[in-house]
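First to last, the protein sequences are chains R and B. Position 153 of the first sequence, counting from 1, maps to 153 under the working numbering, and the rest follow consecutively. Position 13 of the second sequence, counting from 1, maps to 13 under the working numbering, and the rest follow consecutively.
These aren't lab readings, by the way, just hints derived from the structure by calculation. Be a bit skeptical, because a hint or two may be false.
[To be verified] Taking lysine-lysine and the DSSO-like style, the derived pairs with C-alpha atoms no more than 27 Å apart in a straight line are:
(1) B:Lys27 / B:Lys51
(2) R:Lys34 / B:Lys104
(3) R:Lys57 / R:Lys18
(4) R:Lys57 / R:Lys6
(5) R:Lys123 / R:Lys18
(6) R:Lys34 / R:Lys18
(7) B:Lys7 / R:Lys123
(8) R:Lys123 / B:Lys49
(9) R:Lys48 / R:Lys6
(10) R:Lys18 / B:Lys51
(11) R:Lys18 / R:Lys48
(12) R:Lys34 / R:Lys48
(13) B:Lys7 / B:Lys51
(14) R:Lys6 / R:Lys18
(15) R:Lys57 / R:Lys123
(16) B:Lys49 / R:Lys34
(17) R:Lys123 / R:Lys34
(18) B:Lys51 / R:Lys123
(19) B:Lys7 / B:Lys49
(20) B:Lys27 / B:Lys49
(21) B:Lys51 / R:Lys34
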Amino acid sequence: MTETTKVQDFEQVFHQYKGWVYKTAYLITGDHQKAEDVMQEVFISAYKFSNTYDASKGSYTNWLRRITVNQCTRSSRRKILPSSSIEEMQDNGHGISDNSMPVDEQVLLTDQISRLLKSLDNKYRAVLILRFYEDLSYAEIGDILHIPLGTVKSRIHMAISTLQNGHQTTEQKETTYHELR
Amino acid sequence: MNCDNMKQLLISYHNNEVDPGEPDAIKAHLETCPDCQLEHRSIIDVQSKFKQVLSTTAELVSPPPDAWLAIQGRLDPNRNRFAGLTERIARATRNFLDTPVWQKRLVGSLTALTTLALVATVIL
Numbered sequence: 001m002t003e004t005t006k007v008q009d010f011e012q013v014f015h016q017y018k019g020w021v022y023k024t025a026y027l028i029t030g031d032h033q034k035a036e037d038v039m040q041e042v043f044i045s046a047y048k049f050s051n052t053y054d055a056s057k058g059s060y061t062n063w064l065r066r067i068t069v070n071q072c073t074r075s076s077r078r079k080i081l082p083s084s085s086i087e088e089m090q091d092n093g094h095g096i097s098d099n100s101m102p103v104d105e106q107v108l109l110t111d112q113i114s115r116l117l118k119s120l121d122n123k124y125r126a127v128l129i130l131r132f133y134e135d136l137s138y139a140e141i142g143d144i145l146h147i148p149l150g151t152v153k154s155r156i157h158m159a160i161s162t163l164q165n166g167h168q169t170t171e172q173k174e175t176t177y178h179e180l181r
Numbered sequence: 001m002n003c004d005n006m007k008q009l010l011i012s013y014h015n016n017e018v019d020p021g022e023p024d025a026i027k028a029h030l031e032t033c034p035d036c037q038l039e040h041r042s043i044i045d046v047q048s049k050f051k052q053v054l055s056t057t058a059e060l061v062s063p064p065p066d067a068w069l070a071i072q073g074r075l076d077p078n079r080n081r082f083a084g085l086t087e088r089i090a091r092a093t094r095n096f097l098d099t100p101v102w103q104k105r106l107v108g109s110l111t112a113l114t115t116l117a118l119v120a121t122v123i124l
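Pulled out of the complex, with its shape left as it was, chain B reads as follows (with noise of 0.2 Å):
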């Protein structure tokens, strides 16, 4: 075994992918090859890390408490057609309230120069 098809072999190894028979070649190439021992040591560095940093994002993300009257509202004729709209306009209206003043400011100047140019359209 040599170090060049080592380090696809190392990731697998790491994730217990590889085929058997595999582990006990990598493992006696690892005791003997400082390189290895230290690409090998840089990829668990490297998961382990990106694990925790998955791991921390997902538990301070969580579905908003009103997602359920959305998908209800779809999925029930029987229900107010509009439920999904009205929870929709409302989360719309509050990402806006939460959006920078200059970009409140460019929608605000956008709407009014396409209503201005309807208007001049209409009477002209």
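Excised from the complex, chain R in its bound form (with noise of 0.2 Å):
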């Protein structure tokens, strides 16, 4: 088989992922051309590397997420996080998703969350993304990651507090802001 033939045949498997590993590269990174290097990355990594997939140790997926994840790692060393509320999305001519919450409630939340984000360090941001975008197990995760059960358990706790504390707080502060008023 050819190069160019074994190239084309692996568009099929670009095509398959690339959703998936772009969306997941962009809510880590938080950063389109960092997603879109890191997605570049990925698959050339996946091409080059194919001959050490097991499929005995684990999917195909799994192995793509841990490329995915070590890759966000790198690019991350400047960090660049969520910028983008879904009015500049909007505004970027993307569209709003079929969503029951109302607009203005979404935006909120999400500028909210981004910001809450920001105070995570990658490795946390990591942990959550496979846990509550994937909807991985922690099992999973800790193999995807090369990391113990118990740390998987650790850094989801711990983002959690932080992201609970941070809401509550900013909750808290807006009851009070409104009470006052």
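With the hints as a guide, bring the two chains together.
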């Protein structure tokens, strides 16, 4: 099989996984340019090192997830965190998805949680994205990130507590503000 | 079971990640402890909102349509070696055009100063 044919075959793999690789990379890095660069490096690595994938050690999807998170960690040495609010995305021509929550509330919530996420280190963000976006179990996350189950638990605990405290503080501030008016 | 070690357990409990046997003890404690009930509701609330934000954000972003061309250009030596580079230059140009005017002026000024410095160095 020629190199050109192999690359043509790999295009199917790319189209199958490009969506979630990009979305996951964007959620972890919070930056479109970085997500695009991560996606490119993920597929280049997946192609070049395809012979190192061992099906007996886990699914191809989890193998790609591991590459994605590793690439995100490399690309996030310069920290860029989510800056796009839903309003900015609308301005850029993206449509609002079908969602039961009113748009104003979504914008407020997105900005609030994005700000809270800024306080988290990349390793906590990766665990949160794998748990709450990818819906992976603690054991799967530990396997992908090569960290013990206890570390996954403590990172999720720390991250949720940070979000919870920040969220409560913001809500309390808003309640106090409305009470004072 | 006391309230001090309940918080970490409640987060794992809500994520179905507690050890077998623990759910019954946690449930029994929750039924009798208003503080932990409040804490549990707060965990449910923040996790649910967080999931919603992630899901909404993810739905709003998608890879650029020309992403494959850049990858193909780097993978296949028989293709134009500069295919990926062309895409990157095009994207960088688009990004530059989207940047605020003050940033463009700053980049322009820095480029002009660097050029002047280089010319001065060559002449002197």
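To see whether the hints hold, each was checked on the structure:
no. : hint               : result
1   : B:Lys27 / B:Lys51  : holds (24 Å)
2   : R:Lys34 / B:Lys104 : holds (21 Å)
3   : R:Lys57 / R:Lys18  : holds (23 Å)
4   : R:Lys57 / R:Lys6   : holds (24 Å)
5   : R:Lys123 / R:Lys18 : holds (23 Å)
6   : R:Lys34 / R:Lys18  : holds (14 Å)
7   : B:Lys7 / R:Lys123  : holds (21 Å)
8   : R:Lys123 / B:Lys49 : holds (21 Å)
9   : R:Lys48 / R:Lys6   : holds (11 Å)
10  : R:Lys18 / B:Lys51  : holds (21 Å)
11  : R:Lys18 / R:Lys48  : holds (17 Å)
12  : R:Lys34 / R:Lys48  : holds (21 Å)
13  : B:Lys7 / B:Lys51   : holds (20 Å)
14  : R:Lys6 / R:Lys18   : holds (18 Å)
15  : R:Lys57 / R:Lys123 : holds (23 Å)
16  : B:Lys49 / R:Lys34  : holds (25 Å)
17  : R:Lys123 / R:Lys34 : holds (17 Å)
18  : B:Lys51 / R:Lys123 : holds (18 Å)
19  : B:Lys7 / B:Lys49   : holds (19 Å)
20  : B:Lys27 / B:Lys49  : holds (23 Å)
21  : B:Lys51 / R:Lys34  : holds (22 Å)
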